[in-house]
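For what it's worth, this note's numbering labels the leading residue of the sequence shown as 1, then goes sequentially.
Just so you know, the hints here were simulated from the structure itself, not pulled from any lab data. Being a predicted model, the structure only gives us computed values, none of them experimental. Don't take every hint at face value.
Unchecked claim - Straight-line C-alpha distance at most 25 Å; calculated DSS-like pairs for lysine-lysine:
(1) LYS66 with LYS105
(2) LYS63 with LYS90
(3) LYS43 with LYS22
(4) LYS43 with LYS14
(5) LYS105 with LYS90
(6) LYS92 with LYS43
(7) LYS14 with LYS48
(8) LYS90 with LYS48
(9) LYS22 with LYS66
(10) LYS14 with LYS90
(11) LYS43 with LYS63
(12) LYS14 with LYS63
(13) LYS92 with LYS2
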Amino acid sequence: MKPLSLSREIREGKLNDLEIIKCLDIHHNQVLVSAIDQIVSRKLCNEKIISRLIEISEFRDPKVNKLFGIDTIGHYSIAALGTINTPESKLKYEELMTNLDEWDKEIVIRIVNNMNN
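Given the sequences, and given the hints that come with them, work out the whole structure.
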């Protein structure tokens, strides 16, 4: 399936939890953001999800990983860790946030606030 079609299938809720988690291994920004949205909305969390979100958090190059405006898939991934709200995800969220500069922290906090609304 083509990435944009897959992204639509994810957004429309047509994939099961395991299929959504597998989508975290597809290196396409729209597929990743759609999968992360579903993970957050379904409140999915396990070791693989946390590990993969940590890896994706490094994708903050605005020339390659840009989503909307100044947001990157890396920012979105960190925000998801904060929003999932399990002890493990919160711990990793805090660790990642301490390593960000103020600019990136502001972006992540804004995304977290949007995810929580």
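Hints, one by one, checked against the model:
At roughly 16 Å between alpha-carbon atoms, LYS66 and LYS105 fall within 25 Å of each other, so this suggested pair holds. Taking the CA atoms of LYS63 and LYS90, the gap is about 28 Å. The hint is violated against a cut of 25 Å. A threshold of 25 Å between alpha carbons decides the hint, and for LYS43 with LYS22 the separation of about 16 Å falls inside it, so the pair holds. Of the supplied pair hints, the one linking LYS43 and LYS14 holds, its CA atoms being roughly 16 Å apart against a limit of 25 Å.
Under the criterion of a C-alpha separation no larger than 25 Å, the hint pairing LYS105 with LYS90 is consistent with the structure, at around 15 Å. Between LYS92 and LYS43 the alpha-carbon distance is near 16 Å, which keeps this suggested pair within the 25 Å criterion. Between the alpha carbons of LYS14 and LYS48 the distance comes to roughly 21 Å, so the proposed pair stays at or under 25 Å and holds. For the proposed pair LYS90 and LYS48, the alpha carbon gap of about 15 Å is at most 25 Å, so the pair holds.
Restraint check for LYS22 and LYS66: satisfied, since their Cα atoms lie roughly 22 Å apart, inside the 25 Å limit. Restraint check for LYS14 and LYS90: the C-alpha separation of about 28 Å exceeds 25 Å, so the hint is violated. Note on LYS43 and LYS63: the hinted pairing is violated, with a Cα-Cα distance of about 30 Å set against a maximum of 25 Å. At most 25 Å may separate the alpha-carbon atoms for a hinted pair to count; LYS14 and LYS63 exceed this at roughly 31 Å.
With a C-alpha separation of about 32 Å, the suggested pair LYS92 and LYS2 falls outside the 25 Å cut-off, and the hint is violated.
Taken one by one, the earlier hints fail for this structure at numbers 2, 10, 11, 12, 13, listed in ascending order.
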